[in-house]
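Novice: Listed below are the residues making up each chain.
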Amino acid sequence: MRRILRSPATNAAGIGIFTAFYAWIFLGRGAMLTPGPRPGGGFWASWSGFLASGGSAVIAWALIAVAALTVAMLLTRRRPYDEYHTAHLVQCLAVAAVLTLACIAAFFWMILVDPAAVVEKFALFIAVHWATVALADLAYVVACRWK
Amino acid sequence: MRNGVREFREKRGLTQKELGELVGVSRQAINAIETGKFDPSIRLAHDLARFFGVSIEALFLFDEEDRK
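Protein chains in written order, with my numbering: chain L, 1 to 147; chain F, 1 to 68.
FYI, nobody ran anything at the bench for these hints, they're computed from the structure.
Certain hints may be false.
[Claimed, not checked] Pulled a few chain F residues facing chain L out of the computed Cβ check, cut under 8 Å: (1) 28; (2) 32; (3) 40.
[Said to hold, decoys possible] Short, incomplete list of chain L residues facing chain F, as computed with Cβ under 7 Å: (4) 82; (5) 83; (6) 84.
[What the hints assert, rightly or not] For each label pair, taking beta carbons as the anchor points, the in silico distance ranges come out as: (7) 131(L) x 61(F): 40 to 48 Å; (8) 128(L) x 64(F): 40 to 48 Å; (9) 22(F) x 7(L): 18 to 26 Å; (10) 68(L) x 22(F): 30 to 38 Å; (11) 7(L) x 1(F): 24 to 32 Å; (12) 114(L) x 56(F): 53 to 61 Å; (13) 75(L) x 56(F): 32 to 40 Å.
Each residue gets a CB set at the ideal place from its N, CA and C atoms; glycine is no exception.
Can you make the complete structure from the sequences, with help from the hints?
Specialist: As structure tokens, then:
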């Protein structure tokens, strides 16, 4: 496992593939994220309106920009990560896994409390989760970069 | 883990970056080892000890407290 993580290409493939998938959803399938008008006001109505008015494309391009910068820095790296950097990456992945589990639990609770707008809620979950992962990965790549 | 990497490196007149390049790791890794923030693998410990011409036990000080 650690041997695979030492290669910057592994990190680039992981961040690139998932970002491409989410960008495809947010950019090309934006209508699916807002299946119908949300009555009344409140946060979820505002969020749904934001997605419907082109906000999903903004999210997609922001994710693409962060991922493209990360992948470019990874692919121009001349050496594999050493064991110190790999240990940090493993720690980051462990923290991300714990946070993801916590997010899933919170998301599940939100759905149980109010089953309405489930697609919009999941869209927010994905947007926040993957933006956090992409930005954390960019920070990791910048911090580990050395000539 | 306490170690004598800094002392051995400075005796050789090497920078952290130079030592890192000689044993195949980053400057950050050498710095983290010297400050006790990172315990190297047995492979890297072996490479460092062999580079300095000493045993691993002479380079890395195994305290009983490190087990905790």
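Novice: Identify every previously stated hint that the structure contradicts and give their numbers, smallest first.
Specialist: none
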